[in-house]
Amino acid sequence: MTGAYGVGIGWRPEISGFVAGLPGLRFVEVVAESLPHSGPAPAALADLRARDVAVVPHGVRLSLGGAEPVDPARVAHLAHAAALVDAPLVSEHIAFVRAGDVEAGHLLPLPRSREAVAAVVGNVRRTQAELPVPIALEPIAAIFDWPDDELTEAQFITEILDQTGALLLLDIANVYANARNRDTDPVDLLDRLPLDRVAYVHVAGGADHGGVYHDTHTDPIPAEVLDLIGELCARHRPPALLLERDGNYPAGDVLRAELDAVATASGYPTVT
Amino acid sequence: MTAGSVQPGGGPAPLPPPAPAASHPPGSVQHGDLAARQAELVAALVAGAPVPAGFDERLVGIARGALLRKRAGDVARHWPLLAAGLGTDWTATFARFAATRPTRGSLRDGWDLARDLHAAARLTGPARDELAAREATWHYRGTDAPRPRRLPALRRGDGTVVIQFAGRVHTLTLPGATDRSS
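So the protein sequences, as listed, match chains A and B. The first sequence: position 52 = 52 (the working numbering), numbered continuously. The second sequence: position 69 = 1069 (the working numbering), numbered continuously.
Hints are not guaranteed to be accurate.
[Said to hold, decoys possible] Covered, in the sense of this in silico footprint (three residues per stretch, anywhere, with C-beta under 8 angstroms from a C-beta of chain A), are these stretches of chain B: (1) 1041-1051; (2) 1054-1060; (3) 1125-1132.
[As the list claims (entries may be wrong)] Under 7 angstroms between C-beta atoms, here's a sample of chain A residues computed to sit facing chain B: (4) Asp86; (5) Pro88; (6) Phe96; (7) Val102; (8) Ala104; (9) His106.
Source of the hints: derived by calculation from the structure; they are not laboratory data. Backbone N, C-alpha and C fix where the C-beta goes; we use that ideal spot for every residue, glycine too.
Bound conformation, chain B alone (with noise of 0.2 angstroms):
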């Protein structure tokens, strides 16, 4: 069995925020209620809702465990530079910062996650160039799909200015940027 990941060409369009998660306290839906209960065992598994009554915790556990691992790499996919510099703490890193978010596609999963360790100054400066080459490229408000910008952008990286112009993206090294690798 395989699963695929949402992409900004060719995949499926991305997907809708998510609701809320399980609107319904563990063991309070009836059995004959099929739609409730998928949607109780995906908060469990994704948003770090309790696991319903009656399944095994620990079987469960190890699921959301391996979708996690899965998802990690999904997304490194998508933003390579983002997991080349967190190395072998990027599946943990992934994993705790998605651990109760569901994914709303690969691309948006990585986006919302290299923001987060932006703003955390957490970024090596390969990729904050990768995050500033997207945000050149995209129109992201974090709670929609990112969308193609129109007009010319201009986002600062590490050392270098990344500037989009016509869908093109162009980076350029500053004068007197020095260490790339910090």
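Chain A extracted, bound-state conformation (with noise of 0.2 angstroms):
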């Protein structure tokens, strides 16, 4: 995205109304499956265009990670998607989430191996090759990880970035959720990523259940993770931040304040 867009949100049906009450919005994403094949983009997504917001569509079932070559109609749709909403760029992670013909449900780590980039890189290709506008990809975050990783996670997003142009949708939440996992500094990871190729960056809330921090996208932001963002924005501030909620939605002035949080932790103006 050219300039910046500050801090946006997550569309989703559910809280639809009280994303069109955000006086500032500039920019939200729109999870890219749940826009219709043929005619035209939902109301609320209109109205938002008709205010000059970006929409974003968000891919989730892409499967760029996966060995096999990414389906051409989940392609052709993500590129009809971008031009339903006249999209700045579209994003999709750095994930699988079918094997053959079985669906994981869920976006599934990669080995960090060179097989493993030569498989995303060929797949990123291809959907370059089809869509009108820029892709960012988002590295995940994996609650296991592959037993033989052959590149530092650094090494891997940083790997596929070079090989395909692409632009980097971090994830602050993804980082703290690995780190903390892994028992590894969040903050290195954030010296070791080319943060000048960061498109946005996604922000959300998670949750530790077993000793085990899951990125829920249904509980408040931990306070470690807007400290994060003041870590990155220290480094190299990033054009736009979006939160991300996709349930257990809380009332209107407790997501006002996660968006507050977020353009306080960042920097940029307020849009509520």
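Take the two lone chains and join them into the complex the hints point to.
This is the structure:
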């Protein structure tokens, strides 16, 4: 995205009214697979576009990290989604969600191997060939790792970005979750990533279950994640940060307070 | 990170039935065979297959549980009365049912469970009505994606009859119907 969009929020039908009532909002994300295959965009999104709020389709089922070539029909839908909302870019995950015809139902981690880099790069290039706009790639939160990593996380991500020219969608809550669960330093990862390639940043809440931190998107943002936003912005402030909430929706004031906290942590104007 | 669910309209087309789970026993796959290794891992997470060699069994188990809870939430959005009828047992009931069944999309996962529970006489009245309305509207063989019924259809609910005509669903309460809550 060109220029600074500041603080945004993931648009979901359940909070459509809340999102419409944010006076300073300049961008939202929509789950790409929820957009229709034909016909117009949902009226609420069309209203946001009429206010010049940018809408970024965020894919969750492309399976860019799958060993098989990405499904052309899914790529075509992502390209259609971008055109439908006149998006400045789209985003997807560095993950796989199915193997053969079996759906995992979730984003699964890849081995940090050269073979996996090649699989992702091939699929990103196939996707880029059909897209009318740039794509940003998001590293995921992983509850477990593969046993035989050859590359560090920073090397793995950087290699994929370098070979594809894609932008980075950095999920700061995933950085926190992975560092906490692996007992590593999240700031060290920030120091090793190409922060000038960040298109925007995801922020979300999570919770600890049985000693493992889960990136739930249904809990409050931990203070440590807000602190990491500060660490990130001290190094390179991203053009935009987006709050993701996917259920257990709190009252409007609670969501407004979270958006304000993200604005404060990043130094962008409040949108509430 | 988020994951969407398959919906009958608007979302991606329902997926074909899943292939049989992992064709390789754990540990038999050589490094360099990413497709087979991914298939092994997915089978362990969603089809009850053993955790592949080298992975942390405890953490993969935690991921498996988180996946089932997430699926339970997605299915509850498609089948609100089915989920509500089970109350606090919903997540555990769905997780037991789904532990070795890869998802076929939330609509079909809930449908399969509703039919199982109906056969076991374990559906509440509202959940029976919910199932009857779906059965009257869609033709679902259980082996492939549901298709809209082109012809009128009639299904018994809980002291009700659900009639679908030209795609519109009408629920009639039968004379003499009493206890709707059982």
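Do the hints match the structure? See the list:
1. 1041-1051: holds (count 6)
2. 1054-1060: Answer holds; 5 residues pass the 8 angstroms Cβ test.
3. 1125-1132: violated (count 0)
4. Asp86: violated (20 angstroms)
5. Pro88: Since chain B brings no Cβ nearer than about 20 angstroms to Pro88(A), farther than 7 angstroms, the hint is violated.
6. Phe96: Nearest chain B Cβ about 6 angstroms off; hint holds.
7. Val102: holds (5 angstroms)
8. Ala104: It holds, given that the least Cβ distance between Ala104(A) and chain B is near 5 angstroms, below 7 angstroms.
9. His106: Holds, because the Cβ-Cβ distance from His106(A) to chain B comes to roughly 5 angstroms (cut-off 7 angstroms).
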